[in-house]
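Engineer: As a plain string of letters, each chain reads:
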Amino acid sequence: MKQNEHLPSDATLTEEGLAPVAAPSGDAGRILLIACGALAREILALIRANGWDHMTLTCLPAKLHLHPDRITTAVEQTVRENEGRFERIFVVYADCGTGGLLKAKCDELGVEMVAGPHCYSFFEGNEAFAELDDEITAFYLTDFLVKQFDAFVWKPMGLDRHPELLEMVFGNYTKLVYQAQKEDPALYAKAQECAARLGLDFEYRFTGYGDLATTLAAQARKTASPG
Amino acid sequence: MSEEEDDIILSELDDEELVQQMFDDLYDGLKEEIEEGVNILLERGWEPYRVLTEALVGGMTIVGKDFRDGILFVPEVLLAANAMKGGMAILKPLLAETGAPRVGKMVIGTVKGDIHDIGKNLVSMMMEGAGFEVVDLGINNPVESYLEALESEGPDILGMSALLTTTMPYMKVVIDTMVEQGIRDDYIVLVGGAPLNEEFGKAIGADAYCRDAAVAVETAKEFVGRKHNQGVTA
Numbered sequence: 001m002k003q004n005e006h007l008p009s010d011a012t013l014t015e016e017g018l019a020p021v022a023a024p025s026g027d028a029g030r031i032l033l034i035a036c037g038a039l040a041r042e043i044l045a046l047i048r049a050n051g052w053d054h055m056t057l058t059c060l061p062a063k064l065h066l067h068p069d070r071i072t073t074a075v076e077q078t079v080r081e082n083e084g085r086f087e088r089i090f091v092v093y094a095d096c097g098t099g100g101l102l103k104a105k106c107d108e109l110g111v112e113m114v115a116g117p118h119c120y121s122f123f124e125g126n127e128a129f130a131e132l133d134d135e136i137t138a139f140y141l142t143d144f145l146v147k148q149f150d151a152f153v154w155k156p157m158g159l160d161r162h163p164e165l166l167e168m169v170f171g172n173y174t175k176l177v178y179q180a181q182k183e184d185p186a187l188y189a190k191a192q193e194c195a196a197r198l199g200l201d202f203e204y205r206f207t208g209y210g211d212l213a214t215t216l217a218a219q220a221r222k223t224a225s226p227g
Numbered sequence: 001m002s003e004e005e006d007d008i009i010l011s012e013l014d015d016e017e018l019v020q021q022m023f024d025d026l027y028d029g030l031k032e033e034i035e036e037g038v039n040i041l042l043e044r045g046w047e048p049y050r051v052l053t054e055a056l057v058g059g060m061t062i063v064g065k066d067f068r069d070g071i072l073f074v075p076e077v078l079l080a081a082n083a084m085k086g087g088m089a090i091l092k093p094l095l096a097e098t099g100a101p102r103v104g105k106m107v108i109g110t111v112k113g114d115i116h117d118i119g120k121n122l123v124s125m126m127m128e129g130a131g132f133e134v135v136d137l138g139i140n141n142p143v144e145s146y147l148e149a150l151e152s153e154g155p156d157i158l159g160m161s162a163l164l165t166t167t168m169p170y171m172k173v174v175i176d177t178m179v180e181q182g183i184r185d186d187y188i189v190l191v192g193g194a195p196l197n198e199e200f201g202k203a204i205g206a207d208a209y210c211r212d213a214a215v216a217v218e219t220a221k222e223f224v225g226r227k228h229n230q231g232v233t234a
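Just so you know, the sequences run in chain order A and B.
Each step along the first sequence adds one to the number in the working numbering, with nothing skipped, and position 215 is 215.
Each step along the second sequence adds one to the number in the working numbering, with nothing skipped, and position 220 is 220.
Think of the hints as simulated: they come from the structure by calculation, not from any bench.
Since we're looking at a predicted model, the values are computed, not measured.
Please note: incorrect hints may appear among the correct ones.
[Claimed, not checked] What the simulated footprint calls covered on chain A by chain B, stretch by stretch (three residues with Cβ under 8 Å from a Cβ of chain B suffice, anywhere in the stretch; the number is not a length): (1) 97-110; (2) 148-162; (3) 165-175.
[To be verified] With a cut-off of at most 35 Å between alpha-carbon atoms, the simulated DSBU-like pairs for lysine-lysine come out as follows: (4) A/Lys155 x B/Lys227; (5) B/Lys112 x A/Lys63; (6) B/Lys92 x B/Lys112; (7) B/Lys112 x B/Lys85; (8) B/Lys227 x A/Lys175; (9) B/Lys85 x A/Lys175.
The beta carbon of each residue, even a glycine, is placed where N, CA and C say it ideally should be.
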């Protein structure tokens with residue numbers, strides 16, 4: 001599979017997602033990952049590092065997160081479009097603000113999905129994240145969200161046009177936690193700048209891929225590579 | 001055309017034109033203009049309650065409808081709310097003096113572990129605009145805060161808000177505690193927040209899930225009306 005080499009820009013992953021690379025029909029052991037565009041780079045890095053060549057990735061536009069009520073329908077549509085074309089389908093979304101509706105739909109469709117409330121939980125590790133009782137005033141950014149800060153945070157909340165809204169929107173937050181998947185000084189600096197723009201304290205936390213890596217490894221084992 | 005000619009002098013508009021202009025100004029989130037409009041109407045002898053309902057709530061209803069229809073987005077609604085807040089700040093003390101009609105009373109707060117209050121604040125404001133007395137408990141409320149407020153304030157309605165999938169189950173903790181204490185049926189329980197839905201509201205034993213502030217107001221009015229009717233027929 002050559003999809004790693006043709007990963008679109010972050011802006012494209014935000015707006016359009018990633019079209020699937022069709023699995024050769026008739027191959028046994030193939031698994032389709034239907035993921036959020038915000039996870040494309042991380043998933044492809046894991047596929048590459050682990051040699052999971054029997055996995056095919058398609059991504060929905062990351063901007064669906066701005067309207068979580070649209071995620072379930074979009075995932076369902078993609079599952080249905082690909083039914084019968086793969087041995088298995090795995091949904092690489094957590095609950096992501098769907099209030100349990102995505103899990104219910106996945107159960108109905110007979111496909112599994114990532115456990116946890118959202119990506120900043122499973123990157124941290126769902127168990128560890130659940131124990132962070134003292135972080136309710138933290139605002140989290142992942143690598144992707146740092147890169148797409150303006151598209152996901154600044155512009156949708158109108159802060160580019162109406163900076164006076166900052167207090168209404170972020171007034172209850174105290175710190176920005178940058179959960180880094182990769183060590184990248186440029187992203188570190190940008191995350192610091194994001195915190196400054198929001199008027200929040202800054203905390204850096206290297207998480208790596210967290211539960212995303214273990215979850216995908218478990219899926220890879222369930223569906224043996226055809227070799 | 002010069003800028004001067006473009007400017008609308010609010011005080012030169014008749015009442016009907018001024019209210020229409022205030023609708024536009026609210027829609028555009030122009031706080032100072034709304035404050036000016038409120039003061040002009042008051043100077044013309046309008047009752048504070050009439051200013052509130054006809055000019056401010058009327059305007060916010062349009063904003064709410066366009067938000068629901070996807071014409072307006074969160075930032076615009078926040079600006080409109082901020083403008084309405086400016087008008088409300090002028091009217092509130094006057095409403096207290098003039099004894100505006102009171103539809104009912106609501107205690108509202110964001111649940112424990114959750115600091116998100118944009119939706120809750122909108123609901124509070126629209127409920128006040130609709131004639132409800134609102135006691136806002138703020139954010140991150142444990143069950144004890146809700147129960148204390150229910151006891152001390154004696155509201156008709158308990159409103160709970162949550163934005164996170166991880167915090168919304170706490171609403172059930174509150175409702176279950178109310179059931180345990182035998183007080184659940186003494187109150188109308190309304191819940192709301194982005195990840196919630198009607199099924200969730202039913203599952204946790206709330207009276208209703210409200211998808212936005214306008215729905216919250218309508219639902220509250222309906223339930224309070226029913227409650228009062230029950231009181232008459234009982």
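Engineer: Looking back at the numbered hints, which does the structure fail to meet, lowest number first?
Structural biologist: 4 and 8
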